[in-house]
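J.: Sequence:
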Amino acid sequence: MDLRSDDVLPGEKVLMKKAANAMININDYKLSRFFADDLARLFGKENLEAIGGKLYLTNYRLLFKSHSINRVTGKFSVALPTIIAVEDTSKFLTKRIDVTTSTETFQFVVWGIPELIDKINETRLALEPVEVKRLQSLVLENYKVFGDGMTVAKTYVRQLKENS
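With full-length UniProt numbering applied, the sequence shown corresponds to residues 1 to 164, in that order.
Just so you know, the hints here were simulated from the structure itself, not pulled from any lab data. Source: prediction; values computed, not measured. A couple of the hints might just be wrong.
Unchecked claim - Once the Cα atoms are required to be at most 27 Å apart in a straight line, the calculated DSS-like pairs of lysine-lysine come out as:
(1) K119 to K13
(2) K95 to K144
(3) K13 to K91
(4) K18 to K91
(5) K133 to K95
(6) K144 to K91
What the hints assert, rightly or not - Label pairs and their computed distance ranges (CB to CB):
(7) L93 to N121: 21 to 29 Å
(8) K17 to Q136: 41 to 49 Å
(9) K17 to S137: 22 to 30 Å
(10) E128 to K91: 31 to 39 Å
(11) T94 to E131: 28 to 36 Å
Ideal Cβ positions, reconstructed from N, Cα and C, are used throughout, including at glycine.
Kindly generate the complete structure, drawing on both the sequences and the hints.
T.: Structural data, given as structure tokens:
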């Protein structure tokens, strides 16, 4: 599940790679609740599901790429210039960061938060206006590389149909 050449933009470099879970709202994907949802409520994760994968910090973006064994799979990106804030929102044993843009907050469960937050902020604040312009052009020319979002895995849909 490492990055392939068609996952990266021209001139893009991976600065950091971390095992991570992207937290998604199951209602957004019309998924049923898990048996352990009552326990999840205790940790402030009602209607949330952790999608396992890798979180990559590059010189242009945060890229999350899921493992293929999740109910929801795929990849998505958060362009560094769109990030307004990165916060450590850990509670109890759950190590979590929130990455906020003007339109959405992305939640990731990940270890090594202080180093990750520092590196994200350092990288996004170091982007010069000319680099931001270049990134905008790269995204328009290579929009599929930025990710197709998350979708319900075909194997999960097949299982649901077989069990109906």
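J.: Look at each hint and say if it fits the structure.
T.: Hint check results:
1. This hinted pair checks out: K119 and K13 have alpha carbons roughly 14 Å apart, not beyond 27 Å.
2. Restraint check for K95 and K144: not satisfied, since their Cα atoms lie roughly 30 Å apart, outside the 27 Å limit.
3. For the proposed pair K13 and K91, the alpha carbon gap of about 32 Å is over 27 Å, so the pair is violated.
4. For the hint linking K18 to K91, the alpha-carbon distance of about 19 Å falls within 27 Å, and the restraint holds.
5. Using a Cα cut-off of 27 Å, the hinted pair K133 and K95 is violated, with the two alpha carbons roughly 34 Å apart.
6. Between K144 and K91 the alpha-carbon distance is near 35 Å, which puts this suggested pair outside the 27 Å criterion.
7. L93 and N121 have their C-beta atoms about 25 Å apart, which keeps the hinted 21 to 29 Å range intact.
8. Distance hint check for K17 and Q136: the Cβ-Cβ separation is about 25 Å, which falls outside the suggested range of 41 to 49 Å.
9. The hinted window of 22 to 30 Å between K17 and S137 holds, with their beta carbons roughly 26 Å apart.
10. Remark: the range hint 31 to 39 Å for E128 to K91 is upheld by a beta-carbon distance near 37 Å.
11. At roughly 34 Å, the beta-carbon separation of T94 and E131 lies within the given 28 to 36 Å, and the hint holds.
Hint compliance for this structure: hints 2, 3, 5, 6 and 8 are not met, and every other hint is.
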